[in-house]
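Put chain B on the given structure of chain A with help from the hints.
2 protein chains.
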Amino acid sequence: MNHPSTLTITPVVRQRRRSLRGARLVPIALLLASGVGALADEGMWLPNRPPTKLLKEKYGFEPTAAWLEHVQKASVKIGASGSLVSPRGLILTNHHVGSGQLEKLSTPERNLMRDGFYARTPAEELKCADMEVRLLWTIEDVTDKVNAAAKPEMSAADAFSARRKRMSEIEQEAKDRTKLDCEIVTLYQGARYHLYSYRRYTDVRLVMAPEKSIAFFGGDNDNFEYPRYDLDMCFFRVYENDEPLKCEHYLKWSRAGAAENDLVLVAGHPGRTRRLNTLDHLRFLRDVDFPFNLRNAWRREVQLKTFVQRGAENARIGENDLFGTQNGRKAMTGGFGGLLDPVLMQRKASFEKDLRAAVMNNPQQQAQWGDAWDNIATALQQYREFHARYAVIRGALRSDLFRLAHTLVQLAAELPKPSRDRLREYRESELESVYLRLYSPAPIYDELEIDRLAGGLMLMAETLGGDDPTVAATLAGMSPRERAVQLVRGCTLKDVETRKKLAAGGAAAIAASDDPLIKLAAALDPEYRALRTRFEDTVEGVERANYAKVAAAMFARFGEDLYPDATGTLRLAFGPVKGYQEDSRDVPPFTNFAGLYQRWQERHGEEGFELPQRWVDGKSKLKLDTPYNFVCTADIIGGNSGSPVINTAGEVVGLIFDGNLQSLVWDIQFDERQGRAVAVDSRAIIEALRKIYDAGALADELTGAGR
Amino acid sequence: MNHPSTLTITPVVRQRRRSLRGARLVPIALLLASGVGALADEGMWLPNRPPTKLLKEKYGFEPTAAWLEHVQKASVKIGASGSLVSPRGLILTNHHVGSGQLEKLSTPERNLMRDGFYARTPAEELKCADMEVRLLWTIEDVTDKVNAAAKPEMSAADAFSARRKRMSEIEQEAKDRTKLDCEIVTLYQGARYHLYSYRRYTDVRLVMAPEKSIAFFGGDNDNFEYPRYDLDMCFFRVYENDEPLKCEHYLKWSRAGAAENDLVLVAGHPGRTRRLNTLDHLRFLRDVDFPFNLRNAWRREVQLKTFVQRGAENARIGENDLFGTQNGRKAMTGGFGGLLDPVLMQRKASFEKDLRAAVMNNPQQQAQWGDAWDNIATALQQYREFHARYAVIRGALRSDLFRLAHTLVQLAAELPKPSRDRLREYRESELESVYLRLYSPAPIYDELEIDRLAGGLMLMAETLGGDDPTVAATLAGMSPRERAVQLVRGCTLKDVETRKKLAAGGAAAIAASDDPLIKLAAALDPEYRALRTRFEDTVEGVERANYAKVAAAMFARFGEDLYPDATGTLRLAFGPVKGYQEDSRDVPPFTNFAGLYQRWQERHGEEGFELPQRWVDGKSKLKLDTPYNFVCTADIIGGNSGSPVINTAGEVVGLIFDGNLQSLVWDIQFDERQGRAVAVDSRAIIEALRKIYDAGALADELTGAGR
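Chains as they are written, first to last, in our numbering: chain A, 19 to 725; chain B, 19 to 725.
Isolated chain A, as found in the complex (with noise of 0.2 Å):
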């Protein structure tokens, strides 16, 4: 389930290696972790503070802004990530970004995700149901106008929300200006506060999609492992007044693709890193936070594992919920063993120890920031008393219906009030995203819906209590799956404009349903609200002001010139292509298609091992060692996922679709001593498309083939 400490991205900063040299004392911890001596190719860096010296001094090359300005512009937000790679609006990503609509674009008799999908004409591309696509425009800075609105004598939680009401003024007004989608960013935890405004597309196109066998070769099993042979990729395109977007900033696909030992970069929206963290931080996710998070993750998966076993319909409706779970539950286990690993937690501990030192031992550093650290650590002590709650009346739940009762029972409460006094998620600017998904006309399944329910009821008690107040309320008397079957076959949100009425009868329309949905996210939500304000206030509000003063401290120390921790924008990470050794063996960078058929004759009739039969039929059409999978070290983390590989001609060389078990721990510290991201290779996309999909349009769209 998601978790609330999602909202608490803290920040973390990350010295450059070079104002490393000089300071022996503090970054041993760090320096420690991607290898003494040589500057790391770590970092993911804000579009508007790139690395430039770094990648000039490592590898000579030198950005340009209008280089920087058009990967910028040719990244799009999908989800996770993804570019345009024609003037045409295509847009390239994995299939695992594009799964949930290739699952909403499917029915019993139309399965996408088995079969895949190739539309030969714009006539012939499916209309996604809810998918929204950004591209980030321009980026201002605009702390101090978000710190004028906190006064020195406010508390912490007064001064949160005082600067959440300027952020949505702000976001307001500039959206009103410039009619783009507008976002204040939240950097280094509260220490900077970035404007970042985008073009919002809504009309989205499945263009082409392999079939899931061949997008995730090897299933569970070969996740997050390397070698690999897998196709994740997808293609959309985005329109505008019925027409292909006309894009200037697309990337150009790179025939020749990258060599071993080539410096390639990566604009992508990495979700969330911890690299910062304060040590208590760490501990409460290493006790508290990953243990809960894990448990849901491995009872979810068991449920689904049994859900998806009872029959073919059963696998094809719930199978993408299966793959999240266990793909999830997998990272989750790569990091939670980091904070398990008693060495990275040692060298943090160094880290943070040299740091206050040199904190303390400056008196006007002391008064200012000296009491950051146990600050946050009581908080986190606060936090452990109502972790649970919190995160099962928030996230328990997790059903669709359960999901559009819950925004119409909040729609209904926040629109009378004026947009900066709203929860954030229903601020103006934020309402046609919210609207997109309530009307949403993508399928709803009873029986997957129960399961969720079902399950979520059990967890609920299960973590709260069978005799809570509140868990015997929301089973009113039922077993759990009982009362999900009451739920879900009395609800009747599954019809659109039965949600679009209740949305516009506002609070009265929600106080006369007689949806059991409405009624129980209804009776919900006062609890849901008074959780969240105590987290906010006792949580949240002292993390943001006190990492705040971390940030601080640390810019005092090692120059601003620091990435913050990732916050699901767009980042550019950078590194060689590049093998690595485990187990006193040589991993290569590259892996081709002949590898795939070899693995596939080893694991044959295994689980997720299964080969599309069009590519058992193609093999000896394709050029068997044509590069198809390759790993390089640029730093990237989970919503990175169908990121762009680039050249420093900006050219498209490959997809991010994974990172490596060893990479797993980059949450909370990057090490490229084996960590890897792993991509799909340009050139394996254009031969499967030509060779095995004939869909040479496509491809000569990609490659410019007649433009």
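These are calculated hints, taken from the structure and not from any lab test. It cannot be assumed that every hint is accurate.
Which copy? The list can't say, so a pair holds if one copy fits it or any two copies do.
List of simulated lysine-lysine pairs, BS3-like, C-alpha gap at most 30 Å [unchecked claim]:
(1) 323 to 348
(2) 91 to 163
(3) 74 to 169
Chain B in isolation, oriented as in the chain A frame:
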């Protein structure tokens, strides 16, 4: 994982229907459970207190003393349950009861789980590494002798300890006198103590097992479901002095089998029920015990699934663990569902309210027993504080090597003490079994051991926190997986001779050992003992003293003709062969071979639905309308696996192997509206042996042909 409350089998008494008719107030709760007004087919009856009146009244069947003795002495305790079915020591049990031995007898080249096994001659029978078989020979009520050890002035903890010592003395005296294996069974959680004396055999050889894919056809998907199509059988033979055991008492085979509505009886070893746990005890199970155990089942299932997916050899060595975990998870899910069902809990609450009111209305009873319920609640409240800690210290490291190391460490500490002062599992009467397991030559697989230990270390860290001193000491500065690798690679205990030397060397040898697992077990043992003492003093002892009062109150109100909760010892259950209704659809009591092939075709190619080639090839040879699996209302639970189903003539008509989903709440309350025991039909066993397995000799031995 195994959980401490397995130690505390709380007794449950059950009033006979007849006594209820006049006592309207109390038993409605339980009457409701079984259908008002009818005599229920309920009860796991003690062999020395059989339900003779009930059987006579409802079914007109009056088992004689000879009938009962014969069935008792033909029943075998073999992990779970089994029966002697020929005069030459042949044992019938379930495949999933024998599968641990099948795995131990397998190698990469000889996969008995996958391929099955049949010994055409005695010489081909395979001797099991560490299998133990017991026949219950005599029972003696020693309640007064045991209770005489506890003086009125003693605390509950002291009384508990004094009774424990007396029990060891009684057992030892009986063993010296009879040369039998003697064990006192605590019934009604402390109201009665019976001395059970067993004949014990350790030369047990594998005779026949079908392929796992037919024994467990339908896999996890169909487990606990009905209709079913499983040949879940396995045959062993007991040897004495290297000759097949000559047994006077064995069950004859019914060629006719049972028909719908025929009364059948089940003799087996139900492991644990909690039917008359107090309401607060059920709440504890619901809010603490079940959630904890379920979480560990989910985590372990996902970890094992990942393990077995890594390759064919992993699948072979890990599948038994995986089956056990999945089976336990599905059973617990059903039990947890019962605890979360407000209807079941309400029944319990009403029943308890009435019983307590009756006690409180009688001054003498009030003085004697009035505080029992609150005392139990208080003990469980205290248990909440260390439940998770005790569970992981006791059971997280479930690896063969750790178990061996811990046994060696404990043996060295316990053997020098007098038997009555030892930990109960090391008392003199238990030592033969201890050594059988300790010196078992069964294979131990490094990779599986590492996976088990890594998972266990992670569980410890997750439950106790990464900074916990025990966790830190256990991990010794490594990540869980690194530490697991170090422990297993460095361990010397795979070698049986090393174990024998260490055992012979006693405490000095243990102290001098450099084996990393010996050192770890020695380091963890003091905390384990401290927690165990705390548990026995503050929880188990209090439960014993107070459940004895609850039982006394029940005896006073309903008479003594009540069965106690399951204790893993021999019990007799009964009921007719009978279908049921589900979703307004009739589920008939029998399936047949034709249904097997039909289900195979429906689910062709899906996991768990593979049919062995000889079944595919042999279809035409089979009489397809042979009854295959059937259901009856006999009251069973986990531990009954392998129980013979017998007719009133004492002949085998079937073989219990499962209960349906609706029976899983029987842990808490019996309910025969839909709940059913599931068995293999005796006719299917003979048909399959003759037609599919070419095992005519074995079929002849069963049916007595030529005897």
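Here's how the hints hold up against the structure:
Proximity of residue 323 and residue 348 under a CA criterion of 30 Å is satisfied in both settings, with 15 Å inside one chain copy and 12 Å between copies. Taking the shortest Cα distances, residue 91 and residue 163 sit within 30 Å of each other inside one copy (26 Å), while across copies they are farther apart (87 Å). When the C-alpha separation of residue 74 and residue 169 is checked against a cutoff of 30 Å, the pair qualifies neither within a copy, at 42 Å, nor between copies, at 86 Å.
Of the numbered hints stated above, the single one contradicted by the structure is hint 3.
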